[in-house]
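Q: Next come the chains, spelled out residue by residue.
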Amino acid sequence: MRTLLFEHGGERYGLEVARIVEVLPAVRWRPLGGLPAFALGVFERHGQLLPLVDSSILLGGGPTALRVGSRVAVAPLAESGTLGGILLESVLGLEEIDFAAGGAFAGAAGPRGPVARHGGGTVQLVRPDRLLDREQLARILGEAA
Amino acid sequence: MTEGAAPTNLPFARSLLGRMVLIGIVPSVLVIAAVVATNGVRAYRSLEESAKVQIEDATQLVALHIEEENRRAVQVAEMVAITQLNGLFGNREATLEPHRDLLLANPDLYAVTVCYEPNADGKDADPANATLPPVTDANGRFIPYVRRDASKPEGFRYEPLTGYDDPDELWYQGTKREWERTGRIEAFVTRPYIYEGEQIVEQMVPLVRDGKLLGIAGCDRSLRTIETQLERVRGDHGYEVLVLARGHYAASTVDRDRPAAEALRTKPVAGTGLDALVSGDAGTIERPRIVEAVNPLDGELSYVATARIPTGDWMVVLTKPERVVLAPVWKSLAMNAVTALVGIVVVTVLLMTFASRMSGRLRTAVEASRRIAAGDLSSDPPPATAADETGELLRAFRAMTDQLNRLVGQVRQSSIQIHSTATELAATSRQQEETVSAFGGATTEIAASVRQISTTGAELVGTMETINEHAVRSAELAQESRRDLAGMEGSMRKLDDATGLVAARLAAINEKVAGITAIVTTINHVADQTNLLSVNAAIEAEKAGEFGVGFLVVAREIRRLADQTGAATLDIERMVRQMQSAVSGGVMEMDRFAETVRSGVDEVAKVSARLGRIIEQVSESTEGFQSVNEGMRSQAAGAGQIDAAMRGLDAAARQTATASAEFGRAADDLQSAVGALKTSVASFRLRA
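Which chain is which? The protein sequence lines are A and B, in order. Taking the numbering used here, I'd label the letters of the first sequence as residues 1 to 145. Taking the numbering used here, I'd label the letters of the second sequence as residues 146 to 833.
Please note that a few of the clues may not be correct.
[What the hints assert, rightly or not] Interface residues of chain A toward chain B, partial, derived using beta-carbon atoms under 7 angstroms:
(1) Met1
(2) Arg2
(3) Ile20
(4) Glu22
(5) Val42
(6) Leu94
In case anyone wonders, no lab produced these hints; they're calculated from the structure. It should be emphasised that the depicted structure is a prediction, and the values quoted were computed from it without experimental measurement. We treat Cβ as the ideally placed atom computed from N, Cα and C, and that holds for glycine.
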């Protein structure tokens with residue numbers, strides 16, 4: 001499986017390339033008041049405003065520290081195909097990783113998927129469409145609209 | 146008037162008082178001392194003589210007494226022996242009674258005894274012995290001992306003898322041995338010993354019939370009476386008396402003052418130190434021997450008299466410490482000395498009183514003469530109250546003083562005239578002196594001035610040469626240095642300019658480096674964008690499925706290029722930063738160097754200025770020449786001083802002439818004054 005590798009809090013994670021629409025530089029976004037910490041605000045893509053969420057907070061940690069390798073992955077945030085931006089702390093590149101092979105770990109029902117060995121370490125697959133639960137999604141979409 | 150504060154300076158031995166003491170007191174003291182000494186010696190001799198006679202008498206007295214006692218005791222012993230040999234021997238019962246009577250009749254006796262040889266009378270086994278008191282031994286040997294016993298009403302008791310077999314007991318074995326040795330029937334007196342607390346001595350006679358010893362007979366005697374006699378002799382004369390018997394002390398007065406344990410009686414003489422003193426020829430009762438020796442018993446130098454007692458071969462020793470003998474001599478000597486001393490003091494006081502009064506009058510006369518000798522006639526002459534020769538002397542003094550007063554009044558007037566004349570003379574002579582000294586001073590001044598002139602000239606020449614040399618050399622050196630400095634300053638200014646140029650170029654490089662940094666940033670940005678683009682291209686290729694595989698490869702290559710570009714830009718960035726720091730370091734170094742160069746230029750300018758001043762100072766050395774001029778002027782002044790001094794010489798000569806004339810007149814005055822004085826003195830009559 002072709003995977004976009006990114007690092008967060010010293011651990012490596014992967015996003016399935018087939019689920020990503022586009023990768024953007026960590027553009028400027030507009031913060032919105034009164035939202036939870038993971039909802040950073042909204043940004044503009046091809047003339048359309050999309051919500052931006054912080055992967056670091058959603059994966060359990062502090063707010064993302066912006067770096068040279070920081071990127072925004074545009075992907076559907078729900079099965080309905082609603083698009084949104086995910087701020088990734090540091091994108092490492094594209095790699096071919098077999099999460100179905102032996103040693104991989106079938107993850108829970110949340111955003112965290114199976115874990116595979118890769119390049120002397122481990123990588124955990126993250127499902128962008130499961131990053132937010134229904135309530136969270138409704139809230140940011142409501143605000144973004 | 147007191148002698149001690151005498152105003153005369155004569156030593157005491159030479160003063161009138163001193164001589165009187167020498168003539169009057171010293172001889173009397175010597176005579177008295179001689180008398181006292183002679184008397185002392187005579188008293189000592191006579192006392193020693195009489196003491197010896199006394200000691201001899203006392204010794205004789207004791208010796209005679211003991212001889213008599215011993216004799217008497219021996220007679221008792223002989224009596225016992227005679228009664229035995231003339232009937233009583235063998236008659237044991239009859240023997241006891243006369244023994245008892247003898248004992249009670251002689252209070253000096255302690256016991257009466259006979260001691261038969263074993264079975265000498267053949268009655269040792271006689272049953273009649275049982276009726277006798279206990280006077281035999283176990284074998285029936287007859288050995289009665291009738292002894293005094295104050296505790297019994299009858300005053301005596303019987304008992305058998307003991308110790309007759311002991312060879313150390315002299316009374317039996319000694320008597321026996323003596324008879325065997327000499328064959329003579331003689332009484333044997335033992336040495337004293339203590340028997341049941343009583344000091345006794347025994348007199349024993351051998352019982353011999355037909356040349357055969359039957360036993361012994363004799364008596365025991367207490368020595369108490371002898372000690373009583375010794376005490377009587379000792380009295381308070383300071384004697385100590387000792388009686389020796391057969392090498393042991395029999396009695397002594399010494400024991401009286403000793404504890405019982407140290408008592409001498411019955412102890413052997415050997416070891417007490419006295420044996421050495423009594424060995425050799427002792428005196429006899431008729432003529433005791435007297436020696437002076439240290440008494441070993443008390444360690445004092447003593448007179449020791451010894452006399453041998455024939456009966457019992459005893460000896461009397463009588464001692465008297467010399468100290469006790471001589472005590473009266475010292476006493477009489479002290480008395481004599483005190484009397485003499487008192488006499489001397491009285492004579493001295495009388496003589497001193499008289500002499501001091503006489504010498505006081507003489508001293509008054511001496512004082513008056515001294516005052517007159519010193520020229521003091523104003524005080525009154527001493528009063529002359531005494532009628533003797535000293536009074537006469539003082540009266541003559543009074544007359545002489547009056548006469549002198551008148552004489553001196555006249556002499557004084559004449560002397561006033563002489564005095565004024567003399568003053569004039571002195572003044573004239575002083576003037577003359579001054580003139581002469583002024584003349585001398587002028588001469589000295591001339592010599593000094595001449596010397597100064599010649600010295601100054603020589604110094605002047607030397608100074609001029611030195612100054613000239615120094616000035617020329619200094620000027621040359623200064624000019625040379627100045628030229629060198631000018632060249633050096635130019636070089637340094639050029640160096641400063643070049644430094645400025647380098648600094649400017651470095652600044653330009655710094656600006657260019659900033660431009661490079663901007664370009665590198667741009668490249669970096671492009672590389673980043675390319676990377677992103679490749680990622681998105683890959684994503685698109687993935688979505689295109691199999692159709693996108695070729696595109697995916699292209700996208701990967703693009704991403705690799707972008708990554709390499711990014712790494713290259715990082716290298717460039719690092720190099721540029723290093724270059725920037727190097728350039729800015731160079732700029733700083735150049736600034737510092739330029740600053741050093743500039744300060745060097747300043748220093749050179751300062752040195753140049755100093756050199757300028759040196760040149761100025763060198764030019765001032767022309768002042769040396771001025772000092773030369775001054776030297777010349779002082780030479781001229783010296784010449785002027787010579788001139789003035791010569792003139793002074795002339796004037797002084799004239800003054801000397803005037804002073805001589807005045808001196809002549811003064812001499813005339815003096816002559817007339819002396820004439821008047823002569824007339825005055827002629828009115829005195831002088832002693833031929």
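Q: So, for every hint listed, does it hold in this structure?
A: Hint check:
Violation of the interface hint for methionine 1/A is found here, the shortest Cβ-Cβ separation to chain B being roughly 10 angstroms, above the 7 angstroms cut-off. Proximity of arginine 2/A to chain B holds as hinted, the smallest CB-CB distance being about 5 angstroms (cut-off 7 angstroms). A cut of 7 angstroms between beta carbons decides the hint on isoleucine 20/A: the least distance to chain B is about 5 angstroms, and the hint holds. This hint holds: glutamate 22/A has a C-beta 6 angstroms from the nearest C-beta of chain B, less than the 7 angstroms allowed.
Taken as an interface hint, valine 42/A does not check out: its beta carbon lies about 21 angstroms from the nearest beta carbon of chain B, beyond 7 angstroms. Hint on leucine 94/A holds. Least Cβ distance to chain B is approximately 5 angstroms, under the 7 angstroms limit.
Violation of the numbered hints given earlier is confined to hints 1 and 5; the remaining hints are satisfied by the structure.
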